[in-house]
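A.B. asks: Here's the letter readout for the chains.
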Amino acid sequence: MNTGIDVPQIQRFGALYIASARLRSMSKWRTIIAAVDIGNPLFYLIAVGIGIGVLVEQGSGTSGTSGIKYIAFIAPALLANTAITGIMDETVFPTIEGFKWRKLFFAQNATPITGRQIALGVYLAALCRAIFSVSVYYLLLLAFNVVDFGVSVLIIPIAILGGAAFGAVILYFAAKIEKDDQFFNILGRLILMPMFLFSGTFFPLTSMPIYLQPIGWVSPLWHATELGREAAFDYGIGNTLVLIHLVVLLTLVVVGLNLSMRQFERRLAK
Amino acid sequence: MSKPLISVRGLTKKFGDFTAVDGIDFDVAKGESFGLLGPNGAGKSTTMRILAATSTRTSGTVEILDKDPELFGPLVRAHLGVVPQQDNLDNELTVSENLFIYGRYFGLSKKFIKNKIEELLEFAQLEEKRDVKVEALSGGMKRRLTIARGLVSEPDILLLDEPTTGLDPQARHILWDRLFRLKEQGVTLVLTTHFMDEAEQLCDRLVVMDKGAIMAEGSPAGLIKQYSSKEVLEVRFGSDRNKEVAPQLATMCERMETLPDRLLMYTEDGEALLEKITHAGMHATTSLVRRSSLEDVFLRLTGRTLIE
Amino acid sequence: MRTAVEIAVSRKSSAMYAGRPHVLLERGWLAFRSSTWIPVVTGFLEPVLFLLAFGYGMGTLIGDVTTGTTTMDYTLFIAPGLLANSAMNGAIYDSTWNVFWKLNESKLYKTMLSTPLGPLDIALGEITWALIRGLVYSLGFLTVVTALGLTPSFWAILAIPAASLVAFGFASFGMAITSFFKTYQQMGFINFVLLPMTLFSGSLYPISVYPDWLERIIMALPLWHGIEMVRAFWFGNISSGVLVHIAYFLVMIATGLFVTSRRLRALFLR
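Protein chains in written order, with our numbering: chain F, 1 to 270; chain C, 1 to 308; chain Z, 1 to 270.
Take these hints with a grain of salt, some might be off.
Label-pair restraints from in silico Cβ distances [as the list claims (entries may be wrong)]:
1. Z:219 / F:255: 44 to 52 Å
2. F:234 / Z:73: 46 to 54 Å
3. C:177 / F:262: 23 to 31 Å
4. C:217 / Z:193: 50 to 58 Å
Hint data in this document are derived by calculation from the structure and do not stem from the laboratory.
Positions of the beta carbon are idealized from the N, C-alpha and C atoms, including for glycine.
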């Protein structure tokens with residue numbers, strides 16, 4: 001029987017099929033995505049960067065922020081947070097929808113596409129959103145004169161890496177969720193919000209009491225923020241720390257993604 | 001005859017250019033079980049919503065217990081128990097909490113409702129489910145609870161919109177039995193349905209509605225007698241041959257309806273007619289003799305079947 | 001024992017109001033009793049986290065804040081603003097998403113309106129419920145702030161009725177807006193408006209850092225009035241300006257109630 005289905009082709013590129021399907025459905029929401037991903041960090045940048053920036057200047061000047069202007073100090077953090085929230089939206093919702101609400105994954109899995117490919121496809125599509133949002137946001141930072149064009153462009157891949165690390169882990173948890181009624185509440189208010197507030201986003205992690213600092217250590221946002229500051233400004237954290245931050249983020253990506261792919265496969269086979 | 005509980009004259013409801021209800025008249029007497037029979041889109045639900053005092057009319061008059069529902073909405077609603085087409089139970093609450101809070105919406109005292117709940121749980125055969133969240137109930141249980149909920153205020157009139165739509169046959173029969181008990185207790189029932197068997201089972205009197213208008217009115221038996229023959233012979237000759245043999249068959253009975261898949265022949269004696277056909281050398285692939293039903297009445301009146 | 005009809009007659013129920021908004025509170029309590037505590041706990045935690053992050057973290061960068069003629073510690077400065085914020089959040093949560101659900105998905109209001117209840121009963125009852133939620137958050141926050149020794153004097157207790165007024169205003173207005181929304185995308189719009197308002201309304205820094213024109217826009221927003229009102233009671237700086245804030249909220253409450261009950265009637269009694 002020749003139906004024109006090229007099974008080896010699907011085995012090679014299945015994840016890309018899934019990713020392109022995801023991107024198509026994402027494009028229906030493009031206005032909202034653009035508004036949220038660009039608008040929210042911009043509001044933070046203007047409100048906190050300028051508003052609190054004035055207070056910081058009157059207070060400690062730039063002595064508390066390693067000599068970096070306050071608005072510039074928070075910019076790499078906001079950039080990384082944009083990547084994180086964007087990737088989270090595009091992994092958590094489609095995954096819960098795919099397994100629970102509309103059970104789309106089970107339909108996709110009925111073709112030669114595997115569970116691992118579905119997980120990877122969802123993940124790749126989510127990264128695409130972050131690439132778009134972070135790039136546009138970087139241009140805005142240039143326009144606002146917050147960063148200088150040059151090596152600072154590295155904060156784009158760094159922010160995406162931060163998002164990718166968080167996304168790989170959260171993808172695994174989203175694939176495990178059976179009861180979703182309180183998941184979003186917990187995720188938003190007990191994970192995302194504390195991470196946003198306590199990852200050295202608005203002030204150096206070290207200015208917090210030592211017992212609150214571990215929140216930063218485990219947070220991809222902190223690692224990405226520190227790396228971003230090092231790339232964009234004369235932050236001076238040293239090569240060892242740069243390496244540590246990179247290793248932590250890459251480890252999260254590899255471990256998270258592997259766990260996720262295995263979990264997708266298992267749940268679809270159940 | 002005493003004054004009717006519900007009196008409707010020239011009732012019309014338009015949505016923009018579309019006329020959903022087109023000048024209908026009917027009365028419902030106390031203790032009567034009254035039905036609105038018709039296909040989807042006939043205007044039954046719109047009529048029900050106007051009776052329930054939750055929708056305004058374009059023209060005509062409506063009186064429920066001598067009150068215009070449009071002017072005395074809350075008072076009229078205090079007389080009514082409403083069972084909508086889609087169960088709209090409170091999913092966040094348990095079975096007994098649903099009954100309790102619904103009674104509270106009417107302003108009834110907690111003590112009164114507490115006693116009433118026992119009676120209603122028994123009526124709805126849900127005693128064992130009293131502390132279960134309604135989400136966990138089956139379709140038939142939800143329907144029974146919705147009806148019980150409508151009874152918590154001891155209404156003068158119970159309005160039921162498509163009470164058994166979406167239920168499996170067993171759940172339907174349980175529900176009919178419950179409604180029959182209400183009828184025996186003298187509760188006035190007004191119901192809409194597009195199931196002729198339901199209308200025959202439950203209604204003392206009904207109107208047949210189509211495209212917003214009333215086509216006929218009477219008791220189920222009376223309507224059948226008036227608009228149909230005693231028996232119907234249903235014959236199939238295969239989808240292509242049906243049309244071929246139709247003209248010849250039409251001459252052999254009082255009246256005939258040609259449906260896409262079969263022919264309905266109206267007669268006083270179905271078996272005799274079938275014999276006659278066979279005798280004439282025509283051999284039906286399948287045949288069935290049955291008694292006339294409201295379905296046939298509707299077909300006669302509108303040229304269409306109830307469920308399309 | 002009186003029948004439903006006798007009750008309806010004695011109450012002289014009008015088309016809009018049966019005089020029974022309290023049954024909605026009974027319903028709210030029944031539903032709440034069996035639901036989880038997670039949303040309540042997380043809703044309460046949010047301003048506390050903000051206080052810790054901005055107060056302690058930013059405090060080291062900023063030091064003292066001067067508004068008008070008074071200078072105070074930064075943490076002390078933001079506490080009342082966050083109180084107003086938490087009152088708003090508590091009230092908004094119930095009056096937008098929960099109301100949206102009951103309007104469009106569970107059709108609860110439609111059911112209620114098939115009984116002798118009127119639209120104003122529903123509007124008043126639901127808004128009061130949201131107000132209570134906002135009040136509980138405020139009390140919780142006040143307790144934390146007091147435990148941290150950040151309450152200036154015993155009179156800060158007066159900020160609680162002020163915060164209730166804020167909750168009432170936002171609950172009323174939030175429900176009115178929600179009654180026009182039909183899709184989840186439209187609901188997302190609420191969050192999109194709330195974030196900049198929260199950031200710009202001066203809970204984290206005095207709005208005097210902004211140019212005049214922006215300051216004037218902010219001063220037209222309800223949250224700014226809420227924050228200023230709570231702040232005035234908190235510090236005991238009560239002047240005639242407070243009357244303006246109070247009037248602002250009274251108008252907001254009245255408008256919200258009026259619009260909501262009219263909308264419910266248009267939606268379900270036509």
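A.B. asks: If a hint holds in the structure, say so; if it doesn't, say that too.
C.D. replies: Hint check:
{"no.": "1", "hint": "Z:219 / F:255: 44 to 52 Å", "result": "50 Å, holds"}
{"no.": "2", "hint": "F:234 / Z:73: 46 to 54 Å", "result": "31 Å, violated"}
{"no.": "3", "hint": "C:177 / F:262: 23 to 31 Å", "result": "54 Å, violated"}
{"no.": "4", "hint": "C:217 / Z:193: 50 to 58 Å", "result": "56 Å, holds"}
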